[in-house]
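Student: Each chain, written out:
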Amino acid sequence: MANLEVNLGPLKLKNPVLAASGTFGFGEEYASFFELEKLGAVIVNSLTLKPKQGNPPPRIAETPAGMLNSIGLQNPGLEAFLEKDFPRLKSLNAAVIINIAGDTEDDYLTLARELSEINGILALELNLSCPNVKEGGIFFGNSVDVMSRLISKVRRACRLPLIVKLTPNVTDIVELAEAAESSGADILSLINTLKGMVIDVSKRSPLLGNITGGLSGPAVRPVAVRMVYEVYRSVKIPIIGMGGISNLDDALQFFLAGARAVAVGSANFIDPYTIPRLISDLQQFMESEGLHSIDEIVGAAQR
Amino acid sequence: MANLEVNLGPLKLKNPVLAASGTFGFGEEYASFFELEKLGAVIVNSLTLKPKQGNPPPRIAETPAGMLNSIGLQNPGLEAFLEKDFPRLKSLNAAVIINIAGDTEDDYLTLARELSEINGILALELNLSCPNVKEGGIFFGNSVDVMSRLISKVRRACRLPLIVKLTPNVTDIVELAEAAESSGADILSLINTLKGMVIDVSKRSPLLGNITGGLSGPAVRPVAVRMVYEVYRSVKIPIIGMGGISNLDDALQFFLAGARAVAVGSANFIDPYTIPRLISDLQQFMESEGLHSIDEIVGAAQR
Amino acid sequence: MLAKARVLRNEEIVPGCYYLQLEEWQIARGSLPGQFLHVRIVDNIAPFLRRPFSIAGAFPDSGRVDIIYRIVGKGTELLSRLGKGEYLDCLGPLGTPFSPARDIAVSVLLAGGVGIAPLLFLARILSGEGKKILVYYGASTSGELLPLKEFLPKKAEVFLATEDGSAGYRGLVTDLFESTLVAGTRRAEIFACGPKPMLKILAQKNRYWGYPMQLSLEERMACGIGACQGCAVKVRSEDDKTGYLRVCREGPVFDFQEVAW
Amino acid sequence: MLAKARVLRNEEIVPGCYYLQLEEWQIARGSLPGQFLHVRIVDNIAPFLRRPFSIAGAFPDSGRVDIIYRIVGKGTELLSRLGKGEYLDCLGPLGTPFSPARDIAVSVLLAGGVGIAPLLFLARILSGEGKKILVYYGASTSGELLPLKEFLPKKAEVFLATEDGSAGYRGLVTDLFESTLVAGTRRAEIFACGPKPMLKILAQKNRYWGYPMQLSLEERMACGIGACQGCAVKVRSEDDKTGYLRVCREGPVFDFQEVAW
Ligand SMILES: Cc1cc2nc3c(=O)[nH]c(=O)nc-3n(C[C@H](O)[C@H](O)[C@H](O)COP(=O)(O)OP(=O)(O)OC[C@H]3O[C@@H](n4cnc5c(N)ncnc54)[C@H](O)[C@@H]3O)c2cc1C
Ligand SMILES: Cc1cc2nc3c(=O)[nH]c(=O)nc-3n(C[C@H](O)[C@H](O)[C@H](O)COP(=O)(O)OP(=O)(O)OC[C@H]3O[C@@H](n4cnc5c(N)ncnc54)[C@H](O)[C@@H]3O)c2cc1C
Ligand SMILES: Cc1cc2nc3c(=O)[nH]c(=O)nc-3n(C[C@H](O)[C@H](O)[C@H](O)COP(=O)(O)O)c2cc1C
Ligand SMILES: Cc1cc2nc3c(=O)[nH]c(=O)nc-3n(C[C@H](O)[C@H](O)[C@H](O)COP(=O)(O)O)c2cc1C
Ligand code: FES
Ligand code: FES
Numbered sequence: 037m038a039n040l041e042v043n044l045g046p047l048k049l050k051n052p053v054l055a056a057s058g059t060f061g062f063g064e065e066y067a068s069f070f071e072l073e074k075l076g077a078v079i080v081n082s083l084t085l086k087p088k089q090g091n092p093p094p095r096i097a098e099t100p101a102g103m104l105n106s107i108g109l110q111n112p113g114l115e116a117f118l119e120k121d122f123p124r125l126k127s128l129n130a131a132v133i134i135n136i137a138g139d140t141e142d143d144y145l146t147l148a149r150e151l152s153e154i155n156g157i158l159a160l161e162l163n164l165s166c167p168n169v170k171e172g173g174i175f176f177g178n179s180v181d182v183m184s185r186l187i188s189k190v191r192r193a194c195r196l197p198l199i200v201k202l203t204p205n206v207t208d209i210v211e212l213a214e215a216a217e218s219s220g221a222d223i224l225s226l227i228n229t230l231k232g233m234v235i236d237v238s239k240r241s242p243l244l245g246n247i248t249g250g251l252s253g254p255a256v257r258p259v260a261v262r263m264v265y266e267v268y269r270s271v272k273i274p275i276i277g278m279g280g281i282s283n284l285d286d287a288l289q290f291f292l293a294g295a296r297a298v299a300v301g302s303a304n305f306i307d308p309y310t311i312p313r314l315i316s317d318l319q320q321f322m323e324s325e326g327l328h329s330i331d332e333i334v335g336a337a338q339r
Numbered sequence: 037m038a039n040l041e042v043n044l045g046p047l048k049l050k051n052p053v054l055a056a057s058g059t060f061g062f063g064e065e066y067a068s069f070f071e072l073e074k075l076g077a078v079i080v081n082s083l084t085l086k087p088k089q090g091n092p093p094p095r096i097a098e099t100p101a102g103m104l105n106s107i108g109l110q111n112p113g114l115e116a117f118l119e120k121d122f123p124r125l126k127s128l129n130a131a132v133i134i135n136i137a138g139d140t141e142d143d144y145l146t147l148a149r150e151l152s153e154i155n156g157i158l159a160l161e162l163n164l165s166c167p168n169v170k171e172g173g174i175f176f177g178n179s180v181d182v183m184s185r186l187i188s189k190v191r192r193a194c195r196l197p198l199i200v201k202l203t204p205n206v207t208d209i210v211e212l213a214e215a216a217e218s219s220g221a222d223i224l225s226l227i228n229t230l231k232g233m234v235i236d237v238s239k240r241s242p243l244l245g246n247i248t249g250g251l252s253g254p255a256v257r258p259v260a261v262r263m264v265y266e267v268y269r270s271v272k273i274p275i276i277g278m279g280g281i282s283n284l285d286d287a288l289q290f291f292l293a294g295a296r297a298v299a300v301g302s303a304n305f306i307d308p309y310t311i312p313r314l315i316s317d318l319q320q321f322m323e324s325e326g327l328h329s330i331d332e333i334v335g336a337a338q339r
Numbered sequence: 122m123l124a125k126a127r128v129l130r131n132e133e134i135v136p137g138c139y140y141l142q143l144e145e146w147q148i149a150r151g152s153l154p155g156q157f158l159h160v161r162i163v164d165n166i167a168p169f170l171r172r173p174f175s176i177a178g179a180f181p182d183s184g185r186v187d188i189i190y191r192i193v194g195k196g197t198e199l200l201s202r203l204g205k206g207e208y209l210d211c212l213g214p215l216g217t218p219f220s221p222a223r224d225i226a227v228s229v230l231l232a233g234g235v236g237i238a239p240l241l242f243l244a245r246i247l248s249g250e251g252k253k254i255l256v257y258y259g260a261s262t263s264g265e266l267l268p269l270k271e272f273l274p275k276k277a278e279v280f281l282a283t284e285d286g287s288a289g290y291r292g293l294v295t296d297l298f299e300s301t302l303v304a305g306t307r308r309a310e311i312f313a314c315g316p317k318p319m320l321k322i323l324a325q326k327n328r329y330w331g332y333p334m335q336l337s338l339e340e341r342m343a344c345g346i347g348a349c350q351g352c353a354v355k356v357r358s359e360d361d362k363t364g365y366l367r368v369c370r371e372g373p374v375f376d377f378q379e380v381a382w
Numbered sequence: 122m123l124a125k126a127r128v129l130r131n132e133e134i135v136p137g138c139y140y141l142q143l144e145e146w147q148i149a150r151g152s153l154p155g156q157f158l159h160v161r162i163v164d165n166i167a168p169f170l171r172r173p174f175s176i177a178g179a180f181p182d183s184g185r186v187d188i189i190y191r192i193v194g195k196g197t198e199l200l201s202r203l204g205k206g207e208y209l210d211c212l213g214p215l216g217t218p219f220s221p222a223r224d225i226a227v228s229v230l231l232a233g234g235v236g237i238a239p240l241l242f243l244a245r246i247l248s249g250e251g252k253k254i255l256v257y258y259g260a261s262t263s264g265e266l267l268p269l270k271e272f273l274p275k276k277a278e279v280f281l282a283t284e285d286g287s288a289g290y291r292g293l294v295t296d297l298f299e300s301t302l303v304a305g306t307r308r309a310e311i312f313a314c315g316p317k318p319m320l321k322i323l324a325q326k327n328r329y330w331g332y333p334m335q336l337s338l339e340e341r342m343a344c345g346i347g348a349c350q351g352c353a354v355k356v357r358s359e360d361d362k363t364g365y366l367r368v369c370r371e372g373p374v375f376d377f378q379e380v381a382w
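In order, the protein sequence lines correspond to chains A, B, C and D.
Using the working numbering, the first residue of the first sequence is number 37, and each one after it goes up by one.
Using the working numbering, the first residue of the second sequence is number 37, and each one after it goes up by one.
Using the working numbering, the first residue of the third sequence is number 122, and each one after it goes up by one.
Using the working numbering, the first residue of the fourth sequence is number 122, and each one after it goes up by one.
Excised from the complex, chain A in its bound form (with noise of 0.2 Å):
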């Protein structure tokens, strides 16, 4: 049987199959549709030092191919995580990612420190396509500068392996990704959403409730491929690539282009089994093509 195992760098998955974060919540709704130890693992909602209500209604737009969330991170805090989430979700044996976000440098520091004393987690994602608001609601993700010295930072700050998830929203991805890379990341994440908007031509206004939303789904997947065919060949870091990624075809699209393991988001809304069901197709993919690990087709159509 083809062996499944990846290595992440310093993360060792199960398998390379995993749950984007906010598209999984917590991960108990989709226990009740499979068993959560299947996963490579669960990259959970964007986690905030304190609560945080979110964004206010409509949150959700369609849009061709894809869709628009304007959630806001909407999380109940670290503590509460901490207290109730948390051991829910390892009970339910789920391999766990933390993904943490953040309005301040400190905001970041602090979740990962505190989170380094906590055993069961296997990796922290940094989620940067957050406003920086002490310096004046630049992105943590659009600047080489405001983003290496987070990494920096976060790295001394913590133990566990370090993902760093980057936003498509920018002139030059591969900057960013080196950046990162020589900052300190163990891992990339690519990608997070696209900025976009709907208008409601009824209404004649916008359609969320947070006027503009992050674009996922099929839509976006030739630009997230594109995204980690340009990294791969810049940094020697493991990429986890995302993006409208819904069956095999898709994935392997993603592992051909680079990545060593993939994260399947928006599709989980449209069939709550499409992770397992990737994982027997890329099982049975890899056993008809003799493949021994996925690692033999990593990167295979770079040329």
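For the record, the hints were derived by calculation from the structure and aren't laboratory data.
Be aware that one or more of the hints could be misleading.
To be verified - Computed beta-carbon distance windows for the label pairs:
(1) A:ILE174 x C:ASP361: 34 to 44 Å
(2) D:ALA381 x B:LYS272: 43 to 53 Å
(3) C:LYS253 x A:PRO87: 38 to 48 Å
(4) A:ASP317 x C:GLU132: 30 to 40 Å
(5) D:SER263 x C:GLU133: 46 to 56 Å
(6) C:LYS275 x D:VAL135: 58 to 68 Å
(7) D:ARG150 x B:GLY220: 52 to 62 Å
(8) A:GLU214 x B:ARG339: 32 to 42 Å
(9) A:GLU41 x D:ASP360: 51 to 61 Å
(10) B:ALA336 x C:GLY292: 31 to 41 Å
(11) A:ASP317 x C:GLU198: 24 to 34 Å
(12) A:PRO167 x C:GLY292: 40 to 50 Å
(13) A:ASN39 x D:PHE180: 51 to 61 Å
(14) D:GLY249 x A:TYR309: 16 to 26 Å
Said to hold, decoys possible - Over 12 Å on every C-beta distance to chain A, these chain B residues come out as not near it, computed from the model:
(15) ASN43
(16) LEU85
(17) PRO93
(18) GLY108
(19) ASP236
(20) ASP286
A virtual CB, placed ideally from N, CA and C, is assigned to each residue, including glycine.
With chain A's structure known, arrange chains B, C and D with the ligands on it following the hints.
Tutor: Chains B, C and D with the ligands alone, transformed into the frame defined by chain A:
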């Protein structure tokens, strides 16, 4: 009857629906479906100084709710265009806007100067999604400095209304739009294509001959509408909106976001009658809503 | 649960409004009034998201589950093309159902438009429990009113309102209800579903009337199961703090006092 | 032109391969062998682009236009679900047709797989002009071979090849043709359509054989009418310069000497 005329600064159009550059050839093919004089204007294929062969095939890939193209600016060059294509286009009574592209500043300047001498051209559109060979391949549209310098020079070299077409593959579209305005652009076109790629899984290689291509179609519409919405707030010059428009509702999203005219691209490939139908639907809409001019709803969704 | 439900019937009953009967035994057995199905209309990327519809009836003995829907966009338009014998991908039953009080014998069901759907299911169940059912049902014009006889228990009393007066009371259904009301004289509880403005008016007025009242709300959904936080509705807790709850999980049925309009 | 063509028949004739008969009088009257239709499979955004298919037959007297297609992906899969009486949005006839020489009495039609489609149309027309028709037709296995009798004029002579030898000659159809060839003894012209590797081999060999030869090529298309430059094929002019021509406009039929492989 509702008046469809619009003024985009110095550019007066009989209606606000244009054919987007690169998707309408030099007009000839569509002239067998309807009279080109119906259109607000035809923005022709990007024109370069010398003839350009374009990229190796395949040049087209279908994507979810969209497509990638890597035509690579194939065109006959200025001389042949002026000799053959332009007179034919004029004889079809089309209002003509010329989109120009170059590898160097000099290319753009020569094109702008020579086209300024020609009668019957409504405006020039600067395609900035081209790498500047002299500056090591950085895209004209990605850097405020490189772009601003180019626009200022072209501005001085030409007496025609100057449209600047921005690329969406940037961190801050507003910054670029403001720079284009202050360098002398009369009008902005948003958006060009998003950079993407598709991998042919069966061949384990990029599908397009050129590896990457430009994403267009309904998939990108949320990104395009958002950029028009953001740019409208910060510049005074008029905007031509485009990206995934195929019907009245799509076009209205752009008008409400802040575009004073729209252009239709990929949708022409799906239904060659898209533009004339959109014009008559728009006319009907304005009449049933009692609008005297499209200006009455431009930017109405801003809040 | 996720299931392929077979279409038994899918017919336009009044212009623009369809009655869809499905066969799916597990869903039929598990459903309670107020819950909904989240359906995937085509096995394709357009439309991308699932669509939520209230369960208008569930019959454990025949495996039947009903939905009543109005065509408003691409998804419902495609749904209307689904033929008998074809299959519909359904996630459900989802959400928190109505929770009628044991000891209140009179149930007022107040609906605007297609909001009647979940109340039809509720009426059947409550009637089976021996309760008295009063249905207040409004639409903009008579052509939009569903033929309720087909769906309601015989004993239910129906009061109609249309905005143009083409059937029943001329005006809003909330006004009709108010006009028939001798506040406080009768112990009853209200279950309502319809457009947001109607529910908002009801909630405001009921602060004076003082009935127990449950509302079924709508919000745009992605997952439908509680994972994405997409279907947020603003609520106010007893200590007057606001926050968001999920229409798909804590809802779609909420106590009227909970909702922060 | 753009037209809605009514489906007369849409049936699987060999596994994975469908025969589609359409009724559209103007297209039926205007079509020539080698031209194609660019069809929009659903009135929806998925799949987004049109799909090109060669015209396998056009009958001006009955308004019928035929297509033969193999299921390879989502578009053709959806096309196969189209039922009799439904309509298909067709753009066409498009492209430059085959241009047979007046004075050559023998026509060799050389096809691999579903590449036979445009040649069936050509055979009927050429046969009507009194020409002798030799059809060389190859596939990987006999199960993939279309029942040519149904489509070809009676007088046409057919030579089959399968790669596994399950029918006719064992091997490539190009080899079969070569093996029956006494070069230069006969005046004939060749029309070929099939997978690119097959056409490439043919083009190379024909430099020695020296027949007039026209090839029908495929390339991914967007507009189908010549506007987007998407369907580029590399060609070599007489002075050995290369450039790109459009499969949808200058093609799909090209002289074998023109194509730069
Ligand atoms: C819990 C619940 C129960 C519902 N029950 C019924 C019912 O019994 N009968 C009925 O006719 N309708 C019901 N609706 C509304 C129904 O979901 C929408 O009419 C439907 O989703 C519209 O889809 P569309 O593609 O036709 O419209 P479009 O406008 O094209 O849909 C675009 C997007 O907006 C969403 N959307 C549009 N309107 C609504 C809405 N009112 N509520 C939530 N999402 C919306 C769609 O789901 C989709 O994601 C219910 C909604 C909810 C939340
Ligand atoms: C001039 C011409 C004539 C053709 N005639 C026939 C015919 O008579 N019978 C037949 O079965 N097929 C024919 N083809 C090929 C046919 O167009 C493709 O098989 C079809 O487009 C595949 O669509 P799909 O959605 O099933 O496949 P997918 O692979 O899902 O399609 C994805 C995209 O790739 C394009 N594509 C995939 N394969 C091809 C191909 N071989 N050529 C061009 N585009 C392709 C599709 O059009 C679409 O844009 C012809 C192609 C051309 C260019
Ligand atoms: C509803 C929703 C909520 C999301 N929330 C988060 C989040 O909290 N943190 C984060 O880093 N990414 C978040 N994302 C982004 C996803 O993790 C993922 O990067 C993106 O959706 C692309 O993948 P997809 O196309 O498979 O959905 C969210 C996406 C969606 C659709
Ligand atoms: C096949 C194709 C070729 C294009 N060529 C050009 C071009 O030469 N110059 C240019 O400025 N934009 C070009 N574009 C971009 C379009 O003008 C337009 O900005 C973009 O496609 C978004 O609009 P749409 O989604 O309606 O297609 C091209 C687009 C397509 C699809
Ligand atoms: S729709 Fe996802 S939480 Fe309700
Ligand atoms: S497909 Fe557009 S030019 Fe041929």
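Student: Is the claim that B:PRO93 lies outside the interface with chain A correct, judged by CB distances over 12 Å?
Tutor: Its Cβ never comes within 12 Å of chain A, the nearest being 16 Å, so this holds.
Student: Look at the Cβ atoms of A:GLU214 and B:ARG339 and judge whether their distance stays inside 32 to 42 Å.
Tutor: holds, 39 Å
Student: In terms of Cβ atoms, is chain A entirely out of 12 Å range of B:ASP236?
Tutor: violated, 8 Å
Student: Has the hinted range 24 to 34 Å been met by the Cβ atoms of A:ASP317 and C:GLU198?
Tutor: holds, 32 Å
Student: Check the non-interface label on B:ASP286: least C-beta distance to chain A beyond 12 Å or not.
Tutor: Nearest chain A Cβ is 9 Å from B:ASP286, so the label is violated.
Student: Hey, is B:LEU85 genuinely clear of chain A, shortest beta carbon separation above 12 Å?
Tutor: holds, 27 Å
Student: Find the nearest Cβ of chain A to the Cβ of B:GLY108 and say whether that gap is larger than 12 Å.
Tutor: holds, 16 Å
Student: Has the hinted range 52 to 62 Å been met by the Cβ atoms of D:ARG150 and B:GLY220?
Tutor: holds, 55 Å
Student: Cβ-Cβ distance between A:GLU41 and D:ASP360: within 51 to 61 Å?
Tutor: holds, 59 Å
Student: Could you check the hint for me, namely that B:ALA336 and C:GLY292 are 31 to 41 Å apart, CB to CB?
Tutor: holds, 32 Å
Student: Kindly confirm whether 34 to 44 Å is satisfied by the beta carbon distance between A:ILE174 and C:ASP361.
Tutor: Given range 34 to 44 Å: holds, Cβ gap about 35 Å.
Student: 43 to 53 Å was suggested as the range; check whether the CB atoms of D:ALA381 and B:LYS272 agree with it.
Tutor: holds, 51 Å
Hint compliance for this structure: hints 14, 19, 20 are broken, all remaining hints hold.
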